[in-house]
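Peer 1: Sequence:
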Amino acid sequence: MNKKGILLVNLGSPRSTEVNDVKEYLDEFLMDERVIDYRWIFRALLVQGVILKTRPAKSAEAYKTVWTDEGSPLIVITEKIRKKLQKVVDVSVEIGMRYAEPSIETGIQKLVDQGISEIVLFPLYPQYAMSTTETVIEKAEEVRKKKFPKVKINYIQPFYNRDIYINCLAESIKEKLPENFDALQFSYHGVPERHIYKTDPTKSCNLNDCCSREDNPSHQFCYRHQCYKTTQLVIEKLNLPKEKTIVSFQSRLGKDKWIEPYTDETLETIPKKGVKNLAIVCPAFVSDCLETLEEISVEGKEQFMHGGGETFQYIPCLNDEDRWIEVVKTLCEEKLNDFYLV
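Be aware that the sequence shown starts at 1, since it is given in UniProt numbering, and climbs by one per residue.
Keep in mind that the hints are not guaranteed to be accurate.
Straight-line distance between alpha carbons at most 16 Å, and here's what the computed EDC-like set of lysine to aspartate or glutamate pairs gives [as the list claims (entries may be wrong)]:
#1 Lys329 <-> Asp163
#2 Lys146 <-> Glu193
#3 Lys147 <-> Glu214
#4 Lys152 <-> Asp338
#5 Lys150 <-> Asp182
#6 Lys80 <-> Asp322
#7 Lys58 <-> Glu79
#8 Lys53 <-> Glu79
#9 Lys276 <-> Glu179
#10 Lys83 <-> Glu326
#11 Lys273 <-> Asp182
#12 Lys273 <-> Asp320
#13 Lys257 <-> Glu326
#14 Lys272 <-> Glu310
#15 Lys64 <-> Glu18
#16 Lys3 <-> Asp320
#17 Lys174 <-> Glu321
#18 Lys198 <-> Glu134
#19 Lys301 <-> Asp264
#20 Lys329 <-> Glu79
#21 Lys272 <-> Asp256
#22 Lys23 <-> Glu61
#23 Lys87 <-> Asp320
#24 Lys58 <-> Glu18
#25 Lys87 <-> Asp338
#26 Lys84 <-> Glu310
#27 Lys198 <-> Glu18
#28 Lys229 <-> Glu214
#29 Lys174 <-> Glu236
#30 Lys3 <-> Glu333
#31 Lys255 <-> Asp322
Label pairs and their computed distance ranges (CB to CB) [unchecked claim]:
#32 Asn20 <-> Lys145: 28 to 36 Å
#33 Glu193 <-> Lys273: 20 to 28 Å
#34 Asn208 <-> Asn20: 21 to 29 Å
#35 Lys255 <-> Glu61: 32 to 40 Å
#36 Glu310 <-> Asn337: 46 to 54 Å
These are computed hints drawn from the structure, not numbers from a lab.
Bear in mind that the values here come from a model prediction, so they are computed numbers and not experimental data.
Where a beta carbon is used, it is the ideal one built from N, C-alpha and C, also for glycine.
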């Protein structure tokens with residue numbers, strides 16, 4: 001019988017907070033055609049000719065504010081998930097990052113070195129997007145075909161609407177919600193609007209109206225719809241009135257039109273609309289990282305308080321909570337069992 005293993009894949013992180021390391025990381029990240037989807041020459045002119053001239057130094061300072069003694073929070077937390085998962089499954093578990101090290105290739109190699117030929121690969125993103133799930137799968141397939149042609153890989157699909165995930169997320173939020181809050185804001189990572197249309201093979205998506213429909217062929221590929229669906233299911237589970245919740249999108253880059261509303265603009269304006277006490281959660285991420293620990297917890301709080309807010313409560317990601325490990329275990333075991341059906 002073929003040996004099986006699990007590879008948990010997250011975004012990645014610079015090796016250190018040194019500017020050169022951050023620059024190297026950003027170069028690999030931003031030159032991915034599924035992150036900035038311009039033709040190569042224009043992407044190179046933008047990234048290497050403009051962004052990498054100034055952004056690495058600024059990003060390095062931001063990373064310094066969240067870096068731990070153990071290293072990058074994202075990688076440290078992903079490793080904690082791996083260790084906890086390893087204790088409750090009977091197959092080997094490794095981690096890989098889409099950008100930088102440990103890479104997807106490194107993770108697969110570690111499993112192959114243990115005699116493993118069938119791998120469940122888990123992109124740690126609840127919702128589907130070209131710049132997250134899709135680029136992980138494309139990279140893994142590229143590596144597999146080039147270096148490990150005899151290895152079989154089963155990919156875990158987005159789980160944004162799975163009951164086990166929604167229950168887990170809702171319970172985690174409920175435990176951390178302050179007693180008195182005017183609104184709970186769901187801040188998801190943003191993507192350019194054109195990414196939504198590019199990833200829709202059904203060509204039935206219309207950002208003006210279809211995300212709120214009960215069903216549309218594009219929904220299985222539509223990041224924006226999946227974010228709203230996650231929100232809807234969580235607030236139903238928490239029994240929160242819709243008017244007490246906000247959905248927004250953070251981390252936009254450049255001058256292109258990204259999906260709206262924008263988190264930073266929302267944080268600046270909602271205090272004037274009576275939201276003085278805010279709780280905020282980031283369900284596009286399962287592990288805390290720069291975008292949650294610095295962009296939301298620090299910059300976001302400053303924007304909200306400057307706009308007239310009074311209390312700001314950031315609700316951490318699922319990280320290595322035991323309930324989340326159980327969800328990861330269940331989703332992985334489903335795919336491990338699929339190998340027996342082939």
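Peer 1: None of the hints should be skipped; say for each whether it holds.
Peer 2: Outcome of the hint check:
1. Lys329 <-> Asp163: holds, 14 Å
2. Lys146 <-> Glu193: violated, 33 Å
3. Lys147 <-> Glu214: Outside the cut-off at roughly 43 Å; violated.
4. Lys152 <-> Asp338: Distance of about 12 Å is within 16 Å: holds.
5. Lys150 <-> Asp182: violated, 55 Å
6. Lys80 <-> Asp322: With Cα atoms ~11 Å apart, Lys80 and Asp322 stay inside 16 Å; holds.
7. Lys58 <-> Glu79: violated, 27 Å
8. Lys53 <-> Glu79: Violated: Lys53 and Glu79 sit about 32 Å apart, past 16 Å.
9. Lys276 <-> Glu179: holds, 14 Å
10. Lys83 <-> Glu326: Status holds; Cα separation ~13 Å.
11. Lys273 <-> Asp182: Judged against 16 Å, a Cα distance of about 11 Å means the pair holds.
12. Lys273 <-> Asp320: violated, 36 Å
13. Lys257 <-> Glu326: violated, 38 Å
14. Lys272 <-> Glu310: Judged against 16 Å, a Cα distance of about 11 Å means the pair holds.
15. Lys64 <-> Glu18: Roughly 9 Å separates the two Cα atoms, so the pair holds.
16. Lys3 <-> Asp320: Violated, at roughly 26 Å.
17. Lys174 <-> Glu321: The given pair, whose Cα atoms are some 14 Å apart, holds under the 16 Å limit.
18. Lys198 <-> Glu134: holds, 12 Å
19. Lys301 <-> Asp264: The given pair, whose Cα atoms are some 10 Å apart, holds under the 16 Å limit.
20. Lys329 <-> Glu79: holds, 15 Å
21. Lys272 <-> Asp256: violated, 28 Å
22. Lys23 <-> Glu61: Holds, because 12 Å separates the two Cα atoms, which is no more than 16 Å.
23. Lys87 <-> Asp320: holds, 13 Å
24. Lys58 <-> Glu18: holds, 11 Å
25. Lys87 <-> Asp338: violated, 22 Å
26. Lys84 <-> Glu310: violated, 38 Å
27. Lys198 <-> Glu18: Roughly 35 Å separates the two Cα atoms, so the pair is violated.
28. Lys229 <-> Glu214: holds, 10 Å
29. Lys174 <-> Glu236: holds, 12 Å
30. Lys3 <-> Glu333: holds, 14 Å
31. Lys255 <-> Asp322: violated, 41 Å
32. Asn20 <-> Lys145: 28 to 36 Å: holds, 32 Å
33. Glu193 <-> Lys273: 20 to 28 Å: holds, 25 Å
34. Asn208 <-> Asn20: 21 to 29 Å: For Asn208 and Asn20 the Cβ distance comes to about 44 Å; the hint is violated.
35. Lys255 <-> Glu61: 32 to 40 Å: violated, 23 Å
36. Glu310 <-> Asn337: 46 to 54 Å: Since Glu310 and Asn337 have Cβ atoms about 50 Å apart, the given range 46 to 54 Å holds.
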